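There are 2 protein chains.
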Amino acid sequence: MKIAIIAIGDELLIGQVVDTNSGSIARMIDPAGWSVEYVKVIHDDADAITAAVDEAFAVADVVLTTGGLGPTKDDITKLTLCKYFGGELRHDPTVLDNIKEVFAKRGIQLNPLTEAQAMVPTSCRVIQNRVGTAPIMWFERTDGKVLVSMPGVPFETLQMFRAEVFPQLLDKFHSDEHIGHRCVIVEGLTESKVAIQLDAWEDALPPFIHLAYLPKPGIIRLRIDGHHTDDSLLQSTLDQLHAQLCDIFADHLLADADLTPEESMLQRLRAKGYSVATAESCTGGNIAHRITAIAGCSDCYHGSVVAYENSVKINILGVDPAVIEAHGVVSEEVVAQMAQGIRKAIGSDCAIATSGIAGPGGATPGKPVGTVCIAIATPERTVAATYHFPGTRDRVIDRASTTALTLLAMALK
Amino acid sequence: MKIAIIAIGDELLIGQVVDTNSGSIARMIDPAGWSVEYVKVIHDDADAITAAVDEAFAVADVVLTTGGLGPTKDDITKLTLCKYFGGELRHDPTVLDNIKEVFAKRGIQLNPLTEAQAMVPTSCRVIQNRVGTAPIMWFERTDGKVLVSMPGVPFETLQMFRAEVFPQLLDKFHSDEHIGHRCVIVEGLTESKVAIQLDAWEDALPPFIHLAYLPKPGIIRLRIDGHHTDDSLLQSTLDQLHAQLCDIFADHLLADADLTPEESMLQRLRAKGYSVATAESCTGGNIAHRITAIAGCSDCYHGSVVAYENSVKINILGVDPAVIEAHGVVSEEVVAQMAQGIRKAIGSDCAIATSGIAGPGGATPGKPVGTVCIAIATPERTVAATYHFPGTRDRVIDRASTTALTLLAMALK
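Protein sequences appear in the order of chains U and A. Take 0 as the starting number for the first sequence in numbering that gives the first Met the number 0 and just add one per residue. Take 0 as the starting number for the second sequence in numbering that gives the first Met the number 0 and just add one per residue.
Only chain U is shown next, with the shape it has when bound in the complex (with noise of 0.2 Å):
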């Protein structure tokens, strides 16, 4: 199934918002084999719109727009898709009731402005938008190729994308064929190693099983994509691919599902009925950020300490000013401490801990920009050791960020 992502909106081209919208939708149909032609970002502009849908449905069996459902003038997206698939605008008391039911529940009055986003074209079927108040459009074309217009704000295109549009549209454009995936995240090793770890095992695979590589900074992603018309073939085709993945990289398994290293981490820990905190220097708070990102974490997570100066080392997780003194404050000896400082000052069972330099300025001789000590520490040991981060402050610091989180879980396997 080819489909083409029409990104509609002058915020987009004068690059106020980045269009995330176009990936989130291709990571969710990429898994059914279906596949992004291409993605084009456009400006709310009546031609624009008319020569994108047909360039998009010359090659594309479905069209996906994104944005310029708004109540604003500027937003003309619905006026111009009725005016191509011709008919004309009809009020829709449906959509009414729910735009008045979501202003209801942000407390905010119903405007006359909001209140015409109740007009829809006659030549659409229109699914409810049940988070925002822009209602989704379904043109159908008698060849039967589809455009599916929905709004542009990332929460309402992927929470309305993932419960109804892709559904009817996996409905509409019914295959015999079975589709299945089992991923792998592997930590500790370069792209072209694992490539080359696994070159027999990918010559040998099935025709309907593809392997792909997913590398993300620090750690790679390796995704087994399989389709079939027989479904318990392909289930335990994959099942049996999966876990000789697993064999094969088992010192460097960080996870044997698609979890990220935080997740992973959460999950080891909850496993033996740990808790963790974590000291921050370098990294202020990220690595904190990344746990109580992910909801229900309050079982094993129950706070930290971002040391930013000398003295809240010193002061709340107890490290010794002779160590600084001796070592250095971006020195393996205080992380080590830092570690222990804050499981005594939380009551954690493990702790991370990281100091370093994540620039532009700080570096000192031996210490350049880019230098992070990183402590982990478990009832059983605490190990800490030295990492060289490559590029800007943000990189620095989510790069050391991911490698703490990697380091706790890989110790808890």
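Hint data in this document are derived by calculation from the structure and do not stem from the laboratory. Being a predicted model, the structure only gives us computed values, none of them experimental. Hints should not be assumed to be uniformly reliable.
Simulated pairs of lysine to any residue, SDA-like, Cα-Cα distance not exceeding 25 Å [said to hold, decoys possible]: (1) Lys215/U - Val101/A; (2) Lys215/U - Ile13/A; (3) Lys366/A - Leu221/U.
Chain U is already provided as a structure; the job is to place chain A on it using the hints.
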């Protein structure tokens, strides 16, 4: 000047990587009055690239491509462009020297694949990539239209576009017009309220001035853009209009320049010689992370406590268990005590404290998901208030963080 951007890479169309380059480029060129006509995201496919370049030259003066310049065989942008513009590949010793230097810095061994990146089309002028190995290629048509091919790694693209590509483009497409901008950040008003307040003011703007509304969750950026052949007239007009905006929104002015809430807060802390610390429950370290993401924050920021569990609030921040018992942990009374507690624990002048229900679970009668209590403390006073933020967990955390940082920045005016 009309720009078309082509982002090349299979990884962009399966949603593995989001194309942030196009937005960053748009943000940089927009203030110069240059406009991005559209962005097209396409596969690593020779036909797709060729067709996209044809399409782009039909409407744009300058075509920018990103991606597809890696050393592996799926990266075919260079070969395709070489064929498109005619000529052949030649070995460029300067590019090889640059690659060797980059690799030496990273401490990686040079391999034959990477060495092949020193082959460049005879039809292009090379701009050395100082932060990566893929050379940047400047192609020029006989009619003066230009295509610049840049790597896809955001870090490389942006640094090189800002430092080399954009200045060279500005130089080539030189205009007698000067450009200028002023920015103010307004908080606590909706976009429509701002628009109503500015109605007459906008109508009276001279024709060479344009006002852009750039709303972000919780704040609105107002940017005055101008262009004129008379630079001193332009600058004095911009100054005057900027002063008027500052005056109109005096009570809601978060910043008189393009600053984030955390940058504005740090600026005002610095002006008063104050420091800040955070005590975070529902924001889980995100406020600390946003402060420490700014280089040089250490003169006003010393540390934080993420007090996710009650025991941390009580033991480290000194919150009175009886107050938690009486008012609930999500209460103005508790955040006020957290703010006082963190000031004492860290020894800071000012403080931010948060406690709320980020969701999806955790709602209690009268305190639905999205309820967040925020306290800010200065040496003069401590104030606490309750907010209700809509949306998912990540949005609640983000909005609560922005609001808290904005509140302290406004209190320091």
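Next on the checklist: Under the constraints set out in the numbered hints, which ones does this structure not fulfil?
Outcome noted: Of the numbered hints, just 3 does not hold.
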